[in-house]
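Engineer: Residues per chain are reported as follows:
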Amino acid sequence: MRQILISLCLLMMATASRAELVVEVTQGVSEPSPVAVVPFGWSGSGALSEDVAKIVEQDLGRSGFFSTLPRESMLSFPTREGDVYYRDWRVSGADYLLTGRIEPTADGQVKIDVGLYDVLKEQRIPLANDIVNSGSGQLRDAAHYISDQVFEALTGLKGAFSTRIVYIQAERNGDQNNYKLQLADWDGARPRTVMESNEPIMSPSWSRDGRKLAYVSFESGRPAIYVQYLTTGKRERIQSFPGLNGAPAWSPDGNQLALVLSKDGNPEIYVLNLASRQLQRVTHHYAIDTEPTWAPDGKSILFTSDRGGQPQIYRLDLESRNLERLTWEGNYNARGRLTDDGRFLAMVHRPTGGNFTIAVQDLKSGRLDILTEAGLEESPSIAPNGSIIIYATKQNGRGVLSAVSLDGQVRFRMPSRSGDVREPAWSPYLH
Amino acid sequence: MRALNVFKAATLGAAVIWAAGCSTTSTTTEGGEGSMGGQDGSGSASSYGVDGSGVSGGSAGAIDQLQTVFYFDFDQSVVKQAGFSDLEAHARYLANNPSASVRLEGHADERGTREYNIALGERRANAVERLLVVNGASSSQIETISYGEEKPAVMGSGDASWAQNRRVELKYVSR
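Sequences listed follow chains P and Z, in order.
When the count follows my numbering, it moves up by one through the first sequence with no breaks and lands on 431 for the last residue.
When the count follows my numbering, it moves up by one through the second sequence with no breaks and lands on 1175 for the last residue.
By construction, these hints were calculated from the structure, which means they are not laboratory data.
If you're wondering where the values come from, they're calculated on a predicted model, not measured in any experiment.
Do not take every clue at face value.
[Stated by the list, open to error] Partial chain Z-side listing against chain P, Cβ under 8 Å, derived:
no., residue
1, E1110
2, G1112
3, E1115
4, I1118
5, A1119
6, E1122
7, S1146
8, Y1147
9, E1150
10, G1156
Where a beta carbon is used, it is the ideal one built from N, C-alpha and C, also for glycine.
Taking the hints into account, I'd like the entire structure generated from these sequences.
Structural biologist: Structure, rendered in structure tokens:
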């Protein structure tokens, strides 16, 4: 029996507030695996603050890979292997079964003991950690951790349920604007405000260790780049030259920030060494050069440039200074983001005469696939497991977040309760 | 002078924000666009279409008649011919009043990516600045800023809204 401790999550200092975004799956895989997540037993006194099994069930359902068995269709509620009657679950149509029981521990924490079963083979499926120790205030984190394990055991893909997203929420009350940089669980739960202003906030970007955000704020009346620590809220103004200060992007090692400055007359890509504060200009062209993003090996930067007459994505090798145009289809390809293996490039793409879509290009074969069709898509951001792209679009005139898997099979949207929601950025793995 | 006080308020606002920057959540309550120009983008947009011909320049009243919002085509930063005469009149006024200054705010419509649109808004503001300078204004009298697609004049999607949002707004900081 392997164990793990879900310790106090430093990112979540604020008390949980009502979710502003809720995931609605609009398309799953063609044959999702039916899974039953049985309510977990609880042997302590009083009620727990979270229904852990329900969170796991929602995670698995929202992934698009699974259909979940409603509790009212369950013939029994086993909490341990000895109580599982496989025949009951076969009758209910479940291919997989997850049970769990939660016990209080001497130090005031809880211990969650979970079991995953293959109903057809009538055997237990091993998990990396089937005992999860958690603070009683971290039950949601523990649930997401269990979801990650179950997802990986059943699909072979690493789960991203413990990750978070940030996004910009803009509201207009009369002629007063309000902009918020929000942080939430991947599914929109536990939102909290990282930064708020009456002036625009843009381009949030996660450091690779998940502890810092870089973003653009107009709070001084002009755009400037800030870096903020999520744990303490402490922040620093990093760059505020005359003109544009935009599109910050962390290097994979966390030591450098690629950014856009127009102090020399037009937008160029620069690399800022965060320790020495040395600034190095890496593009030299009178066209617009913007939206830098790093290759996972840190050796090259991809960026958008209209040097060819229309925005297209280019790759600049930082050592050789070799420049290569990557996109050729359509008349607008911008704001690229790479999967962690560097193979797939997600971008905003407009086919000639068409609308703005999210597309993904296989950099190995050159093949481009258009994944969305609504028409005003922007800001693609890839989950750290490389399976899902979250992006911003418009629905009934309002900015909303949506997501699509890289293979186009799974789709979900995240309608918001208020305001325009945009510029999602998916965190790296946080554990 | 109103504009000057406004500028002070904005500076003070910025200082407040900077001081607040160490708390977990920073709240900006001052120094917003409303206090900078006294007007929201949509208000300024309605001043479009006033013909500036016959204005000789010189008095502050004369520039009130001039067009202050200049529109652009999609992904373009070429100032349209229709705006030339009024921009020339603004330039003459700036040349005749060295203590006057303007702020040029460049904007884009919602289509395409946000950072690219910020760059596009800057290019548009720079195009207007060049026209003012070649017509006699000093570049020291002109400040440019781009908001990209972050501050649309008109909400909503469609050709009519987009056309009104691709713009440069000329605002006098002092007269």
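Engineer: Now tell me, hint by hint, if it's right for this structure.
Structural biologist: Checked hints:
1. E1110: Holds: closest Cβ of chain P sits about 7 Å from E1110 (chain Z), inside 8 Å.
2. G1112: holds, 6 Å
3. E1115: E1115 (chain Z) check passes; min Cβ-Cβ to chain P is 4 Å, inside 8 Å.
4. I1118: holds, 6 Å
5. A1119: With Cβ-Cβ at 4 Å, under 8 Å, it holds.
6. E1122: holds, 6 Å
7. S1146: holds, 7 Å
8. Y1147: holds, 7 Å
9. E1150: holds, 4 Å
10. G1156: For G1156 (chain Z), the interface hint holds, since the closest Cβ of chain P sits about 6 Å away, which is under 8 Å.
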